[in-house]
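J.: For reference, the chains in residue letters:
There are 2 protein chains.
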Amino acid sequence: MNNTPVYDKVALIGIGLIGSSMAHAMRRRGVASHIAGYTHRAETLEKARSVGFADSLHSDLAGCVKDADLVVLATPVGTYAVLAEQIAPHLKLGATVTDVGSVKSAVIRDVGPHVPEGVHFIPAHPIAGTEQSGPEAGFAELFDGRWCILTPPPGTETIALERLKRFWQALGSDVDVMDARHHDLVLAITSHLPHLIAYNIVGTADDLQAVTKSEVIKYSAGGFRDFTRIAASDPTMWRDVFLNNREAVLEVLGRFSEDLSALQRAIRWGDGEALFNLFTRTRAIRRSIVDAGQDTAAPNFGRSKKPS
Amino acid sequence: MNNTPVYDKVALIGIGLIGSSMAHAMRRRGVASHIAGYTHRAETLEKARSVGFADSLHSDLAGCVKDADLVVLATPVGTYAVLAEQIAPHLKLGATVTDVGSVKSAVIRDVGPHVPEGVHFIPAHPIAGTEQSGPEAGFAELFDGRWCILTPPPGTETIALERLKRFWQALGSDVDVMDARHHDLVLAITSHLPHLIAYNIVGTADDLQAVTKSEVIKYSAGGFRDFTRIAASDPTMWRDVFLNNREAVLEVLGRFSEDLSALQRAIRWGDGEALFNLFTRTRAIRRSIVDAGQDTAAPNFGRSKKPS
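Here the protein sequences line up with chains A and B, keeping their order.
Residue numbers for the first sequence follow my numbering, beginning at 1 and rising by one.
Residue numbers for the second sequence follow my numbering, beginning at 1 and rising by one.
Treat the hints with caution; some may be incorrect.
Remember, identical chains collapse to one label, so a pair may be satisfied in a single copy or spanning two.
Claimed, not checked - Using 20 angstroms as the maximum straight-line C-alpha spacing, the simulated DMTMM-like pairs for lysine to aspartate or glutamate come out as follows:
id	residue 1	residue 2
1	K165	D60
2	K165	D8
3	K165	D144
4	K213	D176
Read the hints as simulated data drawn from the structure, not as lab findings.
Pulled out of the complex, with its shape left as it was, chain A reads as follows (with noise of 0.2 angstroms):
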């Protein structure tokens, strides 16, 4: 199907992962009419043209946000502050300015006192992703049936945030509206720590020395490849978010820190009962994300059952 342009031009300063899915997600529907896409390393840039997802490629600033409508920050989010002091200069009046960050109260607080007057400002974060990266690993369907966060700072304009909203929903996602420090916290459950426990185990594992790291890969599929996955992301754009959404972090580790403790207890002095109810209401939840369409429900994630 094909929609009016939400958008007449979209600058994308970031063209990875999200950046070239959007670009995908948006000449699938006819979003924009002109995708114009940034990025200062020539070997991005090369890869970008191959791929062909943008109408014009750039390796100045300037260049790509010139007359855009909206302009989106599509790198790691410790990269934010600067490049939006330097596009400041060059937004057209009336545009929009947001983001993809995972974090989203360093951002405003980042990016924010840079927007000039005239220039609208709605952070946003779809979460989505996999665990590659690059111009090469964007896709159409990254967004579909996946939700969009937007987190207006107090004084948002009502169009410019439903025109937002249309431009997600026609890349395919579902939007939600909140505030940015609710979003922190919200992330920091269901994205920022289960990254790091990943990481987290995934080293440990390396670092065991009784245990070879040929045992550790030969004998993954016990439940350990798993979160290999995740611990697979991009390592700059997660040393960013941990960096900007400390707070949140370090308060949901605590919780999570305290729960293991009692778990070990429970294991330590035998208590099989403290486990089984564990383990049993952790069993619900797997059925309600399922049930929500936000995970397939075939076995071993679909898997295919013959190795490849």
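Using the hints provided, position chain B relative to the given structure of chain A.
T.: Positioned in the frame of chain A, the structure of chain B alone reads:
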């Protein structure tokens, strides 16, 4: 392909996910002449009958193991001691008793003393499974390309060991042989700790009052959902694993907690370099697991791009 049967009669004590998958895999290649299945639950027996993977189904242990050349304990490991005592008088001379439990030292402790003179006892552990359970969850390909670890006690006869190896190879597995104690440590890190951590994080999320359960479910695609799969595994089986591999689990859990404290400190103090270095190292492990054929290389575990 059809092989000569490796054992004439195989008795499966327990016909859940693993038992029923073994039956399907035996039938696929004619690995046994007669497959007998035991369960004490009328409901399970009825389900097994309707799937039809066994040549005979029994609610009495004696009838199931009578004349069996291979007897497989395939119930939660906490039940083994009683089962072993009960089947002992009915075992055929020259038969092999084995199991599929996720812990091995405790199995030798619990089962070993009951095995009569003239009967072989070789514990085994196929590193394969899904989050599903019950006789309807089994499928013939479960063991294909996965490892099965045998932990023969000292003095095990080579001929009996080689035969059990051939059996698991005919079921599709690669076979390794190791000491029970080492097995328990290897699995503590590759399987037991990942399950424990997954159960724990799902429990923590469920308890967090500032974030509603519906938010946890809606935004689970940010990483959390990957943990819920193994946290949906059979509660009884996993309770028994933790109660019976206490020492090794507490050891690796101690390492994990130490590493997590270091990571927590890096976040608190904004040590981006430490975070980046760990996140880069863990990415390499994922690649090794995919290269070793122990997981799918497709992004997102090959979850279909379009939500179902």
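J.: Now tell me if each hint is right for this structure.
T.: Results for each hint:
1. K165 x D60: Neither, since 28 angstroms and 63 angstroms both go past 20 angstroms.
2. K165 x D8: Cα proximity of K165 and D8: one copy only (16 angstroms, versus 66 angstroms across).
3. K165 x D144: Within. Shortest intra-copy distance 14 angstroms satisfies the 20 angstroms Cα cut-off; inter-copy 46 angstroms does not.
4. K213 x D176: between (43 angstroms within a copy, 16 angstroms between copies)
Taken one by one, the earlier hints fail for this structure only at number 1.
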